[in-house]
Each structure stands twice: as structure tokens, then as C-alpha cells.
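Chemist: Chain residues, written in single-letter form:
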Amino acid sequence: MITIHNLKKQYKDAVVLDIPTLEIPKAECFGLVGNNGAGKTTLFRIILDLVRATEGQVSLEGEDVSKSEAWKYKVGAYLDEHMLLSYLTADEYFETLRKIYNLSEEDLEHHLSKFEELFNDEIRGKKKYLRDLSKGNTKKVGIAAAMLGNPEVVMLDEPFENLDPSSQVRLKKLILQEKALSQVTFLISSHDLNHVTDLCDRIVLLEKGKVIKDLVDKGSMVEELNRYFGT
Amino acid sequence: MIQLIKLELLKTMRSTAFAKSVLVAIFLGFLAILLLSYLLMLGIFLKDVLEKGFNFPDAYEAVSAHLIYFFLFEFMYRYFTQKLPVIELERFLHLPIKKSKIINFLLARSFVSPLSVIALLIFTPFAFTEVMPRFGEAAGWSWILTILFTSWSLHWLMLWFKQKFEDSITGLVVIFAVLLLGIGSSYYGWFNVGELMKPIFDWSLISFIPVAVMAIVCLALYRVAFSFYYQHAYLEDLAEEEEVKFANAGFGVFDRFGLAGEFANLEWKLIIRHKKSRTYLMLAGFFLLYGLIFYTNPIYQTEDGFSHMFIFVGVFITSIFMLQYGQLFLSWNSANFDFFLIKRNGVEALVKGKYLLFVAISVLSFLASVPYVYFGLDILLIHIATFLFNMGVVIHLVVYLSLWKPKPMDLNKGAMFNYEGVGIAQFLMMLPIFLGPYAVYLPFALLISQYAGLVALAVTGLAGIVASRYLTSLPIKKILENRYQISSAFRQEL
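One line per chain: the protein sequences are L and E, in this order.
All residue numbers for the first sequence refer to the working numbering, where the first residue is 1 and numbers rise by one.
All residue numbers for the second sequence refer to the working numbering, where the first residue is 1 and numbers rise by one.
Take the hints with a grain of salt, since some may be wrong.
[Claimed, not checked] Each computed BS3-like pair below joins lysine-lysine, with the alpha-carbon atoms no more than 30 angstroms apart: (1) L:128 <-> E:162; (2) L:173 <-> L:8; (3) L:8 <-> E:478; (4) L:74 <-> L:213; (5) L:135 <-> E:478.
[As the list claims (entries may be wrong)] For each label pair, taking beta carbons as the anchor points, the in silico distance ranges come out as: (6) L:66 <-> E:111: 50 to 60 angstroms; (7) L:95 <-> E:116: 46 to 56 angstroms; (8) L:66 <-> E:31: 41 to 51 angstroms; (9) E:480 <-> L:110: 44 to 54 angstroms.
Since the hints were derived computationally from the structure, they do not count as laboratory data.
Beta carbons: idealized from backbone N, C-alpha and C, even for Gly.
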């Protein structure tokens, strides 16, 4: 699905990302972990063509992301508030996305019904702009928006951050459900080792821009990560 | 206290707007000094200007009779430009400093502003050149102090008034009433506020009571402002969550333009839901009245034809919103630019949506300006020609030039004297925009006739409109080419 080839990102002398090769197959749940400044968000941004790669390229089903735009229909992402329209209410925002993705009202309703439990009656039907929502609720809107429009790839940066414990569990359930039902490829970065190891079949550990571990064995994953992070 | 002042200085030095464009800061500082020195010059020569320039027999009488207009005007410019100290409050509230101390500091800080010295600069020299020689030194001091305390009373009044009523209907009504009071008395002669208020200033020549009264008023208003801010020094009061307004507002016609239309509607929501853009919209409304100043002014009346100046007025009236809003083209979306980037054809639709919106608002402005035909058919012709020129040429100039290093900005701050997002480009781009129409108009107007000039403007505009598909593709291409820089600049990473 996603192929990274010779990718390098450099700010002046500082190399912040250096990934010779990385292949993320379709329907995989790909977890990305690493300490602050390891390059997780930068990698996500390069995949989304928001940041220019100094060298190398990212391709999505063979299509170089920096060369075309067709892939944008297949990818949903929520990295930060820059991806929201903060001056809309949640309902208006979903309605706008519905029009952008050419969905019917039923499609949207069906999609949002999956999030009912996660939203906990605090998102829809509220006369509140997104900029006035709490951090956790903003995140929920972003995640629901990223998964809208039947994307083939969903990228979430720190989805569990700022969510209350029950919401974290609900979100996890939701992602697992989605994984079981469809062939969505998930890319999730997280500091929460328990959640990310529960969700993902594969975890890549970044350190200073380099892939230092590529773990696929569910059994030893947690232990190995705990050893690295000293937790 | 000293620590607070130090922090304040550091904040100014390190603010993104200042640090990132020293050139703009220097330019603005220079401009401010220039303007203030003009005021001082005006003050020094006020006596001569009035007696020789305007043939007033008695300069003192003239000034005192018009002082109230000055204060009405001061009320207006203070309303539009004075900054409120509340935003700062948030940063200090959690610290172990007494609330009263913080508020006293912020109020005092707000007083350090060019607005506080305007009255001083204009009227002090006049007090020395005119009032003192005629009425004696004591009278001069008493007179000038009365004026200064009045002006400074307005400062404290405004701090309270703006915080309480800005953006509300009440605020607008009061502003409108003040405007009406000024215009009503001077233009239409319903009553003469100037003459009504003059005795107060005359009284100050022979008595210190007016000074004392105004000083007390000034202090009292300071207390009002202080206790208002003191009582409202809570986060919930400072940054009130806005009620969702205009929930389904939008231009129905835009729906026919697909994604671009959808984004035009979004942009419209953005405009009406942010303070800064709302102010721009309101200004566009005010500028529609601009013609009243020029078209009726005897200076610009000519024997035949019309003043060349009117081209400029026409461009302004039919496109002021586009000129102002368009200057910061992408900066309006700086908080959510990534949203558009990760959508397929998002940038293209965003730009086209903005074009749609500009055209729609310009059409509305043009239609609203049609009644100016009352001042002559020429005016209507000028508006048609400049409108077409705006739609075909100026619009593209504005958009293309605005893409020179767009900067992020916070839309929730007021618009006046808020130079966030403004770089040197925004100043430079005004040149081609103002000179452009004349470059087309003048050769024809001078060589053939003024109407030929208008035809030239209209034809150039129509040509631009015909070529608009190509012309709009240029900025889209430019944005896509620079998308990485723009996106990271908007995320404030540079």
C-alpha cells in the first residue's frame, strides 16, 4: 500500500528522518512509536505531502504522493487542529466533508452512528464551534473526520492523547471493529505502548529519525518496547 | 511592577510579527512618527491655518466652537483603534500577583499609546500661540488641561465601553448615534453641538472649575474601567464562547459551483465568524459612503467631465473588501491550511471559492453604489468601468501579489492596527493596485477623452474576465509549488 524509498528529511545539518526502505502492506495496522523528536509526525506529514522530503519518495500504490493528488481520496488523516475547520460546529464540519466526499446523508449518518458511543452525546447537535471544544472532544471530531469517506488508509497521530480512559477504550474498540470489517490500513503513532500494541500487528520504533526496531511478533512486542523505553 | 514592565518589553521584542519582519516594524514606526509630527506641525500652525486658510476672524473662537467635533471624532477613532488589555490578563492571572496590581498595570500600559498624545500635540502649541497671549497664562493652562482631561477621560471610557459592547448591537447603535450627532449638526444644521459646548471651554479661561471637573471625571472613569476589569478578571468572562451565529448562512448561488462553491460558503462562514474579518466587512460597508466625501466636494468639481481622482474613488468603492481581504489571501486560512492540502483538488477549490466570494461581494458593493448616479451619470459610468476593471485585472493582481510569502495570523483579534499577517509585500502591493487603473485610464483620458479612458478600463477588464480561467490557474499553480513552505509557515515552524 505505502512504500517508502530512500526517504530523508534534513533541516540544514540536522537529519530528522532517514528511512532507507519501509513497506506498509494493505490492511495492516501499523504502529509508530518513539520518544519526542524521533520524527513520527514528520514521517506522517511527508506521507501526506505536507512536508517536502529532502531525498527519496513515498508512494501510495505506486503513485508518488508529491507528484499527484489522486491518492488524496484514499487517505484520511488527523494529525492536529490544522486539519480541522475550527470556525464550524461539528455538525457543519461533517456536513462539509460529506459534500467534499460526495456522500449521501445516509452514508454520513451511518458513519457517525459508529461513533455514537465515543462521542458520548457531547459532539453532535451542539451549538459550539470546534475551536471552543475541549481537547479530547476536538480529537474525537478529527478522528471521525479522518475515517469518513471510506478511506483505504487512515493516519492518526497520538489518537489516545487527551482522551479520558473510557473514551480510549471505546476508540480502541472502534478501530478494531473497523479493521475486522474492512481492509483499511491504519497508521497510528502513540506514546501509549499498551494501546498501540493491543491494536497493531506491527510496531516500528523510531529513534532520531531512524528505524531501530521493526517488531511483528505480538508476543515479545510489549516486553521489548518496555525494555527500550525503560518502563 | 518592574518585572511586569520587563516582560511587556520582551513580549514586544519577541512577538512573531515584530521579530520576523523588522522592516515592517521600522516602516510602521517611521509612519507613526511621521503622522505624529504632522499633528504637531498642525498644532503649531493651527492659528495661521484657521485665520489665513479658512478666513476665520478669530482662531480661538473657531477652535473652541469645534472642539466637540474633535472629541466626537476621537471617540470614533478610539473605538476603532484602541486596544483592550484583556488578552494580556490571561497570562498573569494565575501568578501570585495581586489582581488589583495586575489591572492597574494593564490599564496604565494601555495608556502608553500614540492615541493619548494626539490632543496634546494639536492643542498645546495652540494654547501657547493663541490662548496664552490673549487670555493670560493661567487661562491657557486651564484651557489646555480641560482638553487633555477630556481626551484622557475618553481613553478610560473606551476601555470600558469597548469591552462591554464591542461586537454588539448596542455598540453599533452608540457609534451610529455619535456619527449622526456629528454629521447631523455640521452638514445638515439641525442643531449646532459646537456652539452648545463652547461655553464650557470658554468658562475654563476664567475658572479652574472645568479643569477640576474634568480631572475628576477622568479619575472616575479610570475607577469605572478598573472595577469593571477587576470584576471580570475571570477567564470565562474574558474569552466568551461565541454563540453560533448565522448557522445556515451562505450564498445559495454558490451551490452551483461544486467544490469551489462549497468552499466559498465556508469562507463566508469564516468571515462572519471571526472578529478580524467581520471588521473588514464592516469597513467595506463604511467605505461605500466614501463617495459622499469626494463626489460632493467642490474641490473635485470640474467644468466638464469629471475629476481624474474619481477613478480612484470608483476602484475603492467597488472593491474595497476585495482589496483589504484579498491582501491576506491565504493567511485567513492559516489555521487550517492543511485541511485543504490533504483534500484532492482542495487548493484549487479554495482559490476558486475565494474568487467566487470576491466577485459576489464586489457585485453587491457595485449594486449598492448605483444610487450614486444621483450625482451624475458620469459616476455610474465610472463605477461600471472600475468594477469591470476590478473583476478582470485588479482581482488577479491582488491575489497573485498576496502570495508572496503569506504569513499566519490569529483571526480572533481585532483588525485595526493588527499587523499580523502583514508583511512588506502587503504594503508594496498597494502600489500596482492603485497605479494599475491609472496606467490604463490616463493615456486614453489625456490623449482622447475621459470617456475613452473609461472604455479602455472596461475593455481591459472584460479581457481579463474572458481570460480568467487562465489567470486563476496562476495563483493555484504558485500555491501548489510553494505548498511545503506555506504549510510549515502556517504551522509556525519556520
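Chemist: Given the hint that residue 173 of chain L pairs with residue 8 of chain L, test it: the Cα-Cα distance must not exceed 30 angstroms.
Modeler: Distance of about 35 angstroms is beyond 30 angstroms: violated.
Chemist: At the C-beta level, are residue 66 of chain L and residue 31 of chain E separated by a distance inside 41 to 51 angstroms?
Modeler: The hint (41 to 51 angstroms, Cβ to Cβ) holds, given that residue 66 of chain L and residue 31 of chain E are roughly 42 angstroms apart.
Chemist: If you draw a straight line from the CA of residue 135 of chain L to the CA of residue 478 of chain E, is it 30 angstroms or shorter?
Modeler: Outside the cut-off at roughly 34 angstroms; violated.
Chemist: Are the Cα positions of residue 74 of chain L and residue 213 of chain L separated by 30 angstroms at most?
Modeler: holds (28 angstroms)
Chemist: Holds or violated: are the alpha carbons of residue 128 of chain L and residue 162 of chain E at most 30 angstroms from each other?
Modeler: holds (24 angstroms)
Chemist: Run the distance test for residue 8 of chain L versus residue 478 of chain E: straight-line Cα separation, threshold 30 angstroms.
Modeler: This hinted pair holds, its Cα atoms lying about 25 angstroms apart.
Chemist: Take the C-beta atom of residue 66 of chain L and the C-beta atom of residue 111 of chain E, compute their distance, and say whether it sits inside 50 to 60 angstroms.
Modeler: holds (53 angstroms)
Chemist: Given the range 44 to 54 angstroms, decide if the beta-carbon distance of residue 480 of chain E to residue 110 of chain L lies inside it.
Modeler: Given about 34 angstroms between the Cβ atoms, the range is violated.
Chemist: Is the gap between the beta carbons of residue 95 of chain L and residue 116 of chain E within 46 to 56 angstroms?
Modeler: For residue 116 of chain E against residue 95 of chain L, whose Cβ atoms are near 48 angstroms apart, the range 46 to 56 angstroms holds.
When each numbered hint is compared with the structure, violations occur for hints 2, 5 and 9.
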